[in-house]
Amino acid sequence: MSTAPPGAEELERRVAAFLAAHDPAALEPLAFLRARFDAGLAWVHFPEGLGGLGTPVALQRAVDEAFARAGAPSHRPEANAIGLGMAAPTILAFGTEEQKRRFLRPLWTGEEIWCQLFSEPGAGSDLAALATRAVRDGDSWTVNGQKVWTSMAHEARWAILVTRTDPDVPKHRGMTYFVCDMSAPGVEVRPLRQITGEAEFNEVFLTDVAVPDEHRLGEVGDGWRVAMTTLMNERVAIGGSAAIREGGMMGVVTALWRDRPEVRTAAGHDELMRLWVENEAARLTGERLRQQLAAGSPGPEGSAAKLAFARLNQEISGLELELLGSEGLRYDDWTMRRPTEVDFTRRSPGYRYLRAKGNSIEGGTSEILRNIVAERVLGLPGEIRVDKDVPWKDLPK
Amino acid sequence: MTDLLYGEIEDDLRSGLRGMLDERCAWPDVLAGTGKDEPSDASLWGVLTGFGVLALPVPEEKGGAGATWRETAVVMEELGRAVAPVPFLTGAVMATAALLAAGDELLPEVASGERTAVLAVPFGTAPDAPLPDVAVSGGRLTGEIRDVADALTAGVLLVPAAGALYAVDATEVTRTPVTSLDMTRRLGDLTLADTPGRVVATGDEAVRDALTAGAAMLASEQLGLAERCLELTVAYLKTRYQFGRPLGSYQGLKHRLADLWTSVTQARAVARHAAACLATGDPDLPVAAALAQAHCSQVAVRAAEECVQMHGGIGFTWEHPAHLYLKRAKADAIALGTPGRHRAALARLVDLPPA
Numbered sequence: 001m002s003t004a005p006p007g008a009e010e011l012e013r014r015v016a017a018f019l020a021a022h023d024p025a026a027l028e029p030l031a032f033l034r035a036r037f038d039a040g041l042a043w044v045h046f047p048e049g050l051g052g053l054g055t056p057v058a059l060q061r062a063v064d065e066a067f068a069r070a071g072a073p074s075h076r077p078e079a080n081a082i083g084l085g086m087a088a089p090t091i092l093a094f095g096t097e098e099q100k101r102r103f104l105r106p107l108w109t110g111e112e113i114w115c116q117l118f119s120e121p122g123a124g125s126d127l128a129a130l131a132t133r134a135v136r137d138g139d140s141w142t143v144n145g146q147k148v149w150t151s152m153a154h155e156a157r158w159a160i161l162v163t164r165t166d167p168d169v170p171k172h173r174g175m176t177y178f179v180c181d182m183s184a185p186g187v188e189v190r191p192l193r194q195i196t197g198e199a200e201f202n203e204v205f206l207t208d209v210a211v212p213d214e215h216r217l218g219e220v221g222d223g224w225r226v227a228m229t230t231l232m233n234e235r236v237a238i239g240g241s242a243a244i245r246e247g248g249m250m251g252v253v254t255a256l257w258r259d260r261p262e263v264r265t266a267a268g269h270d271e272l273m274r275l276w277v278e279n280e281a282a283r284l285t286g287e288r289l290r291q292q293l294a295a296g297s298p299g300p301e302g303s304a305a306k307l308a309f310a311r312l313n314q315e316i317s318g319l320e321l322e323l324l325g326s327e328g329l330r331y332d333d334w335t336m337r338r339p340t341e342v343d344f345t346r347r348s349p350g351y352r353y354l355r356a357k358g359n360s361i362e363g364g365t366s367e368i369l370r371n372i373v374a375e376r377v378l379g380l381p382g383e384i385r386v387d388k389d390v391p392w393k394d395l396p397k
Numbered sequence: 001m002t003d004l005l006y007g008e009i010e011d012d013l014r015s016g017l018r019g020m021l022d023e024r025c026a027w028p029d030v031l032a033g034t035g036k037d038e039p040s041d042a043s044l045w046g047v048l049t050g051f052g053v054l055a056l057p058v059p060e061e062k063g064g065a066g067a068t069w070r071e072t073a074v075v076m077e078e079l080g081r082a083v084a085p086v087p088f089l090t091g092a093v094m095a096t097a098a099l100l101a102a103g104d105e106l107l108p109e110v111a112s113g114e115r116t117a118v119l120a121v122p123f124g125t126a127p128d129a130p131l132p133d134v135a136v137s138g139g140r141l142t143g144e145i146r147d148v149a150d151a152l153t154a155g156v157l158l159v160p161a162a163g164a165l166y167a168v169d170a171t172e173v174t175r176t177p178v179t180s181l182d183m184t185r186r187l188g189d190l191t192l193a194d195t196p197g198r199v200v201a202t203g204d205e206a207v208r209d210a211l212t213a214g215a216a217m218l219a220s221e222q223l224g225l226a227e228r229c230l231e232l233t234v235a236y237l238k239t240r241y242q243f244g245r246p247l248g249s250y251q252g253l254k255h256r257l258a259d260l261w262t263s264v265t266q267a268r269a270v271a272r273h274a275a276a277c278l279a280t281g282d283p284d285l286p287v288a289a290a291l292a293q294a295h296c297s298q299v300a301v302r303a304a305e306e307c308v309q310m311h312g313g314i315g316f317t318w319e320h321p322a323h324l325y326l327k328r329a330k331a332d333a334i335a336l337g338t339p340g341r342h343r344a345a346l347a348r349l350v351d352l353p354p355a
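Those sequence lines, one after another, are chains A and B.
Letter by letter, the first sequence follows residues 1 to 397 of the UniProt record's numbering.
Letter by letter, the second sequence follows residues 1 to 355 of the UniProt record's numbering.
Isolated chain A, as found in the complex (with noise of 0.2 Å):
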């Protein structure tokens, strides 16, 4: 039986009733979750049975707060944005009823953490010139490739995974995409380190895995359209966040500017408060986003939010770093470490100039969004394709 989804004071008496019923303090955390997710108060915009009660995904904010402010244990979606931003809607949009229940409850509650089996050495931008093979063989594929940019690879339970499953027609038609066990035998993942020294990232190499035919999302050759779901919301999770003035970066920056009066000088005025300003009107470029979100009409602007986002990042960085003159030349730790969360903000002036340059790359780069702002929103032609209609197997590689 299916009913009019709970408004916010519904909503906001289901969750004191659940805490009067669950005491956070008395639950093991893990226990807690569980009960929270199977009384559709995790993610409250996904169905009822999936952790949901199919409300608008702009209620969740008060559902959260309320959580935080009894004192509920965290689900830590920090430790598994991809999991959750990029893997769970395109398992909720792809997935059988099965996977769903398989996998969207352990990946909520951070039971199970996932990674992005998609950037390979020669598929960066051209994610559909991806070369890693799958191969059917009765009620289960044999895979080989390898991946580059997997964040959380060496944590995850699971990844999403698109191969290429029939190299004879154009690229776009010929993938399929699955869930890979990432504790499977031929799975071998190995830190990459960045230019920050640290590897955040890995390659993935992926030798003879046997992935059940259970596990693919999606029709066999369809893998081009699930990609596309996981890489809208991946932008629109990159775009959206430092919600406050002078959030994220900034901060940083106005802070030193604030404490240190030594580091202050004409020229960096006048550029501090320049990107003070585009800092503002991006920030409330986010804010109208939201509430045009909210509002039940999303706009094109995630793109927009990812490239403003990526270029001041960039730029406030660097500010910081001339501020500090000759203490900027120092740099806190070329040893290779591997994080377990991301935060831009995070260890020193140094790390942070260079994590940033990432943030232009990683999500699509720039220029790619570039283009789809100029041919999807507006309306611009799009770029010569030369290998449009030509067989994968016969592009120049």
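To be clear, the hints were calculated from the coordinates, so they are not data collected in a lab.
Hints are supplied without guarantee of correctness; some may be wrong.
Cβ-Cβ distance ranges computed for the label pairs, FRET-style [stated by the list, open to error]:
1) B/D3 / A/E65: 17 to 27 Å
2) B/T317 / A/R330: 49 to 59 Å
3) B/E114 / A/R69: 52 to 62 Å
4) A/R69 / B/I9: 35 to 45 Å
5) A/A255 / B/T280: 29 to 39 Å
6) B/T280 / A/R173: 46 to 56 Å
7) A/Q194 / B/K238: 36 to 46 Å
In this text, a Cβ means the ideal position worked out from N, Cα and C, and glycines have one as well.
Once you've looked at the hints, dock chain B against the given chain A.
This is chain B only, laid out in the frame that chain A set:
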């Protein structure tokens, strides 16, 4: 957080205005007007008055429409799109804000369009800038004020003098037309010589309110103008072929337009925030207005400059609207304080002191 979206009433207002402006204020009319002696388009002003848009921010009990500055901002967007040569910013925004602050008897006449009032300060005056030096002796004013926008159109001049604000009959003042960079909003120089005035407000609060309201609302004009420039340029690049391809298929141009679109979406959020702060008396208004001018001025100028450049030869031609937008955009960037002046104001407001 302020409401940054448009409501139903605002959408209706916009569509009504746009239809009228497309008919009554097409760019060839605006261009032709720049060569005439009349300082603004009186017949268009009459139509706007009939729409009731002058009265929007004025409460009903004071002869107004009882709407808010948010709706006024939508009018500013549409007038900016059309580079309409009417004294809306100077009269229906700045003078109206001054009269609202002063609670003056002139308000109903100005709201109904019966009389047009203009604040007599140089158009480049920022909300925190010094005011012109005008002497007062026995209720009579003496001094010179240069570069006053819409001075020739005004029936009443609101003159800040000796720490107060005076209403002066414009026909009693020597007004000299100025050949202006933006001939769609012309300037005039004023000479007051023992000219009689009536005190409208004491102190400079009414003047500061008027300048802040002007800065907040001007951002919406700049938004409308920037959006129009982007639309014209995108449309042109889809139809103009060179080297056998539409110009809009070249990535060098596509990426610049994508960046410009990004800036325009930001200008919309910033202008809406300023309008909402002015409408609700939000304490963030000084920051919102300075931010709006620092940001939207630059977006409008860039949009107009890109419009000229991407139109190539035709964009540099008198018989094309691009120069109307460029001149208005550059004049708007200087009006009510340059972006640099507003950044300096922001630095004070948010406590980021200079070196």
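- Of the numbered hints stated previously, which ones are contradicted by the structure, given in increasing order? Checked against the structure, no hint fails, so every one of them is satisfied.
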